[in-house]
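2 protein chains.
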Amino acid sequence: MCELLGMSANVPTDICFSFTGLMQRGGNTGPHRDGWGIAFYEGRGCRAFHDPSPSAESEIARLVQRYAIKSRIVISHIRRANRGRVCLENTHPFSRELWGRHWVFAHNGQLRGVKRLPLDFYQPIGSTDSEHAFCWLLGRIRARFPDPPRQSAGLWRHIHTLSRQLGERGVCNFLLSDAQHLYAHCSSQLSWLTRRAPFGQARLMDADMTVDFQQETTPNDVVTVVATRPLTDNEAWTVMPPGALTIFSAGEPVAAFSR
Amino acid sequence: MCELLGMSANVPTDICFSFTGLMQRGGNTGPHRDGWGIAFYEGRGCRAFHDPSPSAESEIARLVQRYAIKSRIVISHIRRANRGRVCLENTHPFSRELWGRHWVFAHNGQLRGVKRLPLDFYQPIGSTDSEHAFCWLLGRIRARFPDPPRQSAGLWRHIHTLSRQLGERGVCNFLLSDAQHLYAHCSSQLSWLTRRAPFGQARLMDADMTVDFQQETTPNDVVTVVATRPLTDNEAWTVMPPGALTIFSAGEPVAAFSR
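Listed in order, the protein sequences are those of chains A and B. Mapping of the first sequence onto numbering that gives the first Met the number 0: position 84 corresponds to residue 83, and the numbering continues sequentially without gaps. Mapping of the second sequence onto numbering that gives the first Met the number 0: position 126 corresponds to residue 125, and the numbering continues sequentially without gaps.
Keep in mind the hints are simulated off the structure, nothing from the lab. Each hint should be verified, as a subset may be incorrect.
Stated by the list, open to error - Pairs of lysine to any residue, SDA-like flavour, derived with a Cα cap of 25 Å:
#: 1; chain 1: B; residue 1: K114; chain 2: B; residue 2: L154
#: 2; chain 1: A; residue 1: K69; chain 2: B; residue 2: G125
#: 3; chain 1: A; residue 1: K114; chain 2: B; residue 2: P145
#: 4; chain 1: A; residue 1: K114; chain 2: B; residue 2: P148
#: 5; chain 1: B; residue 1: K114; chain 2: A; residue 2: P145
#: 6; chain 1: A; residue 1: K69; chain 2: B; residue 2: C86
As the list claims (entries may be wrong) - Partner residues aside, some chain B positions facing chain A, computed with beta carbon under 10 Å:
#: 7; residue: G42
#: 8; residue: R43
#: 9; residue: N89
#: 10; residue: R95
#: 11; residue: R100
#: 12; residue: F120
#: 13; residue: Q122
#: 14; residue: P123
Since the model is a prediction, treat every value here as computed from it, not as a measurement. C-beta atoms are modelled at their ideal positions from N, C-alpha and C, and glycine is treated no differently.
Sequences are here, hints too, so could you generate the full structure?
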């Protein structure tokens, strides 16, 4: 199964610690057998790395771990292919432009008959169910809001409605961002954790690694991490219920919708 | 001034040699003062690296030089900012999806009043004239061809007409790709060179480096390199005349339009 990892922060923050935990996951044959990808927002820009091939990918994974790109919003995904062959264009996260902003999407799960959903504006480049679902979702958002809405509430409700429609087709855990907010939709498995002062130590479940965030942060930093399963075993993660959509901004949850 | 570099090849080919030459260029204060970017097509996918900041970028430039990504179509750009501040979202090449394909664009020059060109489908994320021109160009292509045309000739003529309209506004040297062809438009400065068997030695103008392509290739390889100025001093480059659009496929020119 795929693993999702997201971050929302109030100051540019690196995700090295959580990324190290994520990279340990994904089956017995290797740390990321069917590819992985990560997108970092930097201002209005977005920097993405994708790697479909485990052998060649190590070079890029090492870069990402070493380079410590700092970002306010990050979306990452490790793929275990079920639909769509293993290749660059099928590697999450996917992105498209709407309203002059990068939208980024990564998905975990299988969606029955999703390719029968009609598309208009956005067309998939690869062959995954997930990219089709993203193109449909973003096309529906665009149809309803040709221009960015002044108030977020209507947009958020619309995204929740669309998420439920996707969720009716199967497992639909996803992370989405419009460059301003991080949207986390849980269909079966997604957890999040907010770190703020006083910071303490965090210990990875999947690797022999501990970080003392007090050494790494300032007292005003607020950072939320969202992951398929909790990444640390000594912090209090919030396990999202099925059907929930939680929206994060500047490191904190700002809205939540339930089924 | 900016420097463009493009490649079209009939087999996946690395661009390390030409990229090394390109990286030497760009003024006295450093090899790529206002950022650089490169996009590699891999199948239907596209892998892009962008770096707005010279200090941080070295890590990614080293990766690209060392990693030797093989591709059939490459577009690269070194930026000397004239319009739009130096940041990730203003770093070429730009990309958007049309017909389920990645379109990639990099531009050299300044275009008067280009931001008055009306946009519909695609909106710029950054603030450069170049991205605005790309959004306009791709929107015009989409308006004329909502679906991919069966014959290429009409599309190519349309791209030439649009290129001329942009060229009326100033300097408009650009490289464009629709994942199948490489389009090179010359407004003031662009040259290209096709390498095929029998391969010989090539010597970079900008660095003390020579490659014997006979050691690096098979007899059936055909590779065209397009650059703002010739990169080697012992090969016969074709200097494009102002107003010309040349279209490359699988390493060779397949069509040319003149003013």
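Practice item. Take the C-alpha atoms of K114(A) and P148(B), compute the straight-line distance between them, and say whether it is at most 25 Å. Key: Measuring from Cα to Cα gives roughly 23 Å; hence the hint holds.
Check your understanding: How about Q122(B): closest beta carbon in chain A under 10 Å, or not?
Key -> The hint holds - Q122(B) has a Cβ within 10 Å of chain A, the shortest such distance being about 4 Å.
Review point. Does R100(B) pass the interface check with chain A, least Cβ-Cβ distance below 10 Å?
Key: holds (6 Å)
Exercise for review: Please verify that hint: R43(B), Cβ, nearest Cβ of chain A, below 10 Å or not.
Suggested key: holds (4 Å)
Exercise for review: Measure nothing beyond the straight line between the CA atoms of K69(A) and G125(B); if it is 25 Å or shorter, mark the hint as holding.
Suggested key: holds (19 Å)
**Study point:** Interface hint for P123(B), Cβ within 10 Å of any Cβ on chain A
**Key:** holds (6 Å)
Point to revise | R95(B) as chain A interface residue, shortest Cβ-Cβ below 10 Å | key: With Cβ-Cβ at 6 Å, under 10 Å, it holds.
Practice item. Could you grab the alpha-carbon distance between K114(B) and P145(A) and see if it respects the 25 Å cut-off? Key: Cα-Cα ~20 Å, so holds.
Review point. Taking the least C-beta to C-beta distance, is F120(B) closer than 10 Å to chain A?
Key: Because about 8 Å separates F120(B) from the closest Cβ in chain A, which is inside the 10 Å limit, the hint holds.
Point to revise | Hint consistency between K114(A) and P145(B) [alpha-carbon to alpha-carbon, up to 25 Å] | key: holds (20 Å)
Exercise for review: Starting from K114(B), check that the Cα of L154(B) is at most 25 Å away, please.
Suggested key: holds (24 Å)
Review point. Any CB of chain A closer than 10 Å to the CB of N89(B)?
Key: holds (8 Å)
Going through the hint list in order, the structure satisfies each hint without exception.
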